[in-house]
Structure formats: C-alpha cells, structure tokens
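Using the sequences and the hints, build the whole thing.
Note that the protein sequences, when read in sequence, are chains A and B. Going by the working numbering, the first sequence opens with residue 1, and the numbers climb by one from there. Going by the working numbering, the second sequence opens with residue 1001, and the numbers climb by one from there.
Treat the hints with care, as some may be off.
[What the hints assert, rightly or not] Derived DEER-like restraints, expressed as beta-carbon distance ranges: (1) Glu-39/A <-> Lys-1066/B: 31 to 41 Å; (2) Met-1020/B <-> Glu-3/A: 24 to 34 Å; (3) Asn-1014/B <-> Gly-52/A: 33 to 43 Å; (4) Gly-52/A <-> Thr-1156/B: 46 to 56 Å; (5) Lys-1182/B <-> Asp-80/A: 49 to 59 Å; (6) Glu-39/A <-> Glu-1199/B: 45 to 55 Å.
[Unchecked claim] Calculated Cβ distances over 12 Å to all of chain A for the following chain B residues: (7) Val-1053; (8) Arg-1065; (9) Lys-1070; (10) Ile-1137; (11) Glu-1152; (12) Glu-1200; (13) Gln-1262; (14) Lys-1290; (15) Gln-1317; (16) Glu-1320; (17) Glu-1385; (18) Ala-1390; (19) Ile-1393; (20) Asp-1404; (21) Lys-1411; (22) Leu-1421.
Since the hints were derived computationally from the structure, they do not count as laboratory data. We treat Cβ as the ideally placed atom computed from N, Cα and C, and that holds for glycine.
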Amino acid sequence: MAEYLHYYILFQNHTDATAMYRSLKGKKMYAQISPTPRELSVCCGVSLLVHGEDVDAIKEIAENENLAYLSISGLNNTFDNTRHKYG
Amino acid sequence: MADNQKMWAELGMNLEMHDMLCEVLPGAIGDVFMSQENRPEAMDYFDMVLADVHGLRPSELVEFRKNGGKVFGTFCAYVPDEVIFAAGGIATGLCAGSQFWVPGGERYLPANTCPLIKAMLGARFDKTCPFYRLADIYIGENTCDGKKKAYEILGTDVPMHIMDLPQMKREKDYLKWADEIKDLIKVVEEVTGNKVTPEELAVNIVKINNKRKALERLYKLRRNECVPISGTDTLLISQIAYYDDPERFAAMVNKLCDELEQRVADGVNLAEGKKRILISGTPMAIPNWKMHNLVETSGGIVVCEETCTGTRYFENQVDESGETLDEMVQNIANRYMGINCACFTPNTGRFDDVVRLAKESKADGVIDVNLMFCQTYDIEGRSLEERCKAEGIPFLGIETDYTDNDAQQLKTRIGAFIEMLG
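Encoded structure:
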C-alpha cells in the first residue's frame, strides 16, 4: 500500500515533463499533468501526478530512457470539488 | 521550475508576492479539475498550459520579444487579433479573474468597482502577472465606464491605445468601428515597425477564423444528448483561447474534438442524471471557475456559455472574400460588431442569442451570472429574465464576485434551482 495519497514527479522544465508524460502514456501508465504543489517546491510549474505503485517502475523507465526529473515525492493532499476555494 | 523564477525576476515581478499566488493556485486546480472523473485524454495539453500558466506561454513571449517582436495586451473580445498578428505582433489576453489581485486594484479604484477591473489594476501595479509585465502596449476599449477610467490609471504606467467602440448598431456605427480598426492598424504598424498588408491581413483573418471554428466545433459537440466534456473543462479552454498561440490552440482544440466525437459515438455522457445549464452574463477570466464548479457539483452540467469566454468570442466568422485592405477591415468590423455586449443599446440581440443557444444546447435552464458592480449586465438581467420566462425557459439570476465568501449560499440557490428543474 502506498505511503502517501499522491505521488508527484518534479522537473527542471516543462520539456522534461512532457518527455516523461509521453513515455508513460505510451506505456498506458497513469500520469496526470499537474501544477507542482507548493509543499513540494517553491517553484511553480508542471509536475506529473502518478500512482504510488508505479514509482519504482517509473524510476527504471527514466533510467533506461534517459528521462530527466528532479525527484519523485509523496504528498497527503486531497482534491475536493466541494471545497470551493478558487485562489 | 527554476527557469520560471529567473524569467519572473528579469520581468521585474514582485517574486515574494507572486509566491503567494503560486501557493494557492495548485490547490484550486486540484479541487476544480483533477477531482473530475472521466476527463478526455486530450485535455492534457490544456492541463499543461494551466499547470505552468505563468511559465509556458510567457517564456515563448519573452523569446519573441528578444527577437524584436512586440506583444499587445488586450482585455476584450472586441479587439481584433487579426490586425495585430498581421503586423507580426502577438496579441495576448490579460487575465483578471483572481481575487488575489483585487486588493491591489482597490488601492487605485473605488471598492464598488467590478472585480475584473480591480484585478486588472492589481495585476499590473502589484507586478504579480508575467503577461502584464510582458506586453509592450495595452489595447483597451470603452465597453464600460469602469474600464474607461481604469485605463487612464493604467496609462500612467504602460503605453495604452483605446478603441472607441460604438454603443449602437446603426450602419454608421459599423463604419465607425471600421475607422477605429484602421486607427489600430496605424498603432500596430508604429509599434511593430511592420506594415499591415492585404496579403498578411488575409492570412490572419483565416488564421483567427480557424481558431473560432475550432471552438464552435467544441461547443456544438456539447449539444449532443451525450455530453462528452464538462463545462468546467470547456471554460478553461475558452480562457486559454485568449492568450495561446492561435494556430497551435486551434490544432489542440480540433484534436480534442476528434476524441469528443468518439466519446459521443461511444455513449460517454457526463450529463447523465444531471440538468443541462446555460450560463450567460459577464466574462469569466482565468482563474475564475467559481460558477462552473458550483453548478457542476450541484447536480448540473454546463452545456453552453453565452459570455465573452464563450459564444461571444467565437460565433460568426470574418468574411474571407475581401480583397482590398478597406474591404477586409470592414469585414472585420462587421464580424466584431455582431457581438452582443450589454454596453450596446438596444441589445435585444443578446436575448435572441440566449434563447437560441438554450434551445440548441437543450438547456434545462439559464443561469445569468453577473460580476458585482457590472451595471450594464446587471440592469439587462431583468429584461433577459422576462424574455426567458416568456419563452418558457427557467431562469436564475446571480450576482457575485471572485471571493469564496458566498460560495455556500450560491450553492444552496443553485441546488434549489436545479432541483426545481425536476
């Protein structure tokens, strides 16, 4: 069982994020483009939300395909469509 | 992303204050978009643009400017992008849809000004939006008194050109708007150093028409019994339309529509068990997703927007048959004068639009949403309600702003309205 509710892959730039996204989607793996949660990085930008059980496989894919990323981090955040906080 | 921080610093942004916006937006995006189930795969492009909203497109504009390009910031669906692109410039909408910018605007404007206008000034003067920093010149328009006066204040800090939009739709008003477009051509030629030639204008009329056609295709797909995409996702696309590269945007919308057609054929129906709602009223600039989120978490699905971030932006194409510059300019003027904004009198064309769109999109009811202190839309709301009732269309009028304070009250009202629809 995953330790966190959500896992995010963080990147230096959106080009790296796009390359990883395409690779994972090409393998029919779950990946959702997401803004980087503030708790994980002070820099805004794109991250990829992935399933916790896929994290080890993703690290292997990244190594095999030379896909760059900064880190993969877990976070216990929730997506609540009834919170009604819009920023 | 470290690249963004460097760019924002070079743009002279207030990084500390901008950080506060970065802190709240990911949570809002998670709640509003990532909580949705069964979204189309091709929303991934728009998710990418949104996730890096202050990085991705601004970095392209920074590169464009490094090579001598000029960026024109715009605020309204009446400003003809065709002309700006024809001079080799780039038009970009200047977003003003966040409560985050409102207090900054209130330092310059009376509190009883509409939140969109306050957010405009807050974003500029607080230096917390890269688009406001990037634009070489802003193109305003006199679509309301608040904007007219606010542009005078903005003009103390950034070059501005104001287009004088007629407020009636007589033949002489169409000619007057064509004259205003000719004045805009002179401005864009002066700023860019490039001539607007008939050849370039013709190419860009087609380019912007293609963008509008893609959006029209998207909206028509929502009219199906099986609604293949949420209103919230569609609103995001309409918001992005204002500032994305027009050709890439049209290609991405058409790619999405290919998938949506398949979803309709496969019977994917996000409207199942929900009431179909048409939203009319004032524009919903990014990141204003409040009403769509409230409706779509209260038993409704938004199937059409009769707003400036909806049908007003893309309905009707510019006639592409013009050969001379004068003919093309008049054709552009005719298309834009066809938009039915509450700044016009009379504006019964808008009531016709709402009734037509409600029928076309098989809406169970209309929710007319007006930003607080938007006098023209607010006053017009009563007449629109009478017209909808005469047509047998259930109607709910709402006045709101960008704050979260009234969310639960609105949810109760919207929930009751949707329940009443049976």
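For each hint, the structure was consulted:
1. Glu-39/A <-> Lys-1066/B: 31 to 41 Å: holds (34 Å)
2. Met-1020/B <-> Glu-3/A: 24 to 34 Å: holds (30 Å)
3. Asn-1014/B <-> Gly-52/A: 33 to 43 Å: Holds - the Cβ-Cβ distance for Asn-1014/B and Gly-52/A, about 37 Å, lies within 33 to 43 Å.
4. Gly-52/A <-> Thr-1156/B: 46 to 56 Å: 53 Å Cβ-Cβ, so the 46 to 56 Å window holds.
5. Lys-1182/B <-> Asp-80/A: 49 to 59 Å: Holds, since Lys-1182/B and Asp-80/A (Cβ atoms, about 52 Å apart) stay within the stated range.
6. Glu-39/A <-> Glu-1199/B: 45 to 55 Å: holds (53 Å)
7. Val-1053: violated (8 Å)
8. Arg-1065: Given that every Cβ of chain A is farther than 12 Å from that of Arg-1065/B, nearest at about 19 Å, it holds.
9. Lys-1070: For Lys-1070/B, whose nearest Cβ neighbour in chain A is about 25 Å away, the distance exceeds 12 Å, so it holds.
10. Ile-1137: holds (27 Å)
11. Glu-1152: holds (29 Å)
12. Glu-1200: holds (31 Å)
13. Gln-1262: Holds, because the least Cβ-Cβ distance between Gln-1262/B and chain A comes to about 17 Å, which exceeds 12 Å.
14. Lys-1290: violated (5 Å)
15. Gln-1317: holds (32 Å)
16. Glu-1320: holds (35 Å)
17. Glu-1385: About 26 Å separates Glu-1385/B from the closest Cβ of chain A, which puts it past 12 Å; holds.
18. Ala-1390: holds (34 Å)
19. Ile-1393: Since the minimum Cβ distance to chain A is about 27 Å, Ile-1393/B lies beyond 12 Å and the statement holds.
20. Asp-1404: With a cut-off of 12 Å, Asp-1404/B comes too close to chain A, as the shortest Cβ separation is near 5 Å.
21. Lys-1411: Answer for Lys-1411/B: violated, closest chain A Cβ roughly 7 Å.
22. Leu-1421: holds (21 Å)
Of the numbered hints stated above, those contradicted by the structure are hints 7, 14, 20 and 21, listed in ascending order.
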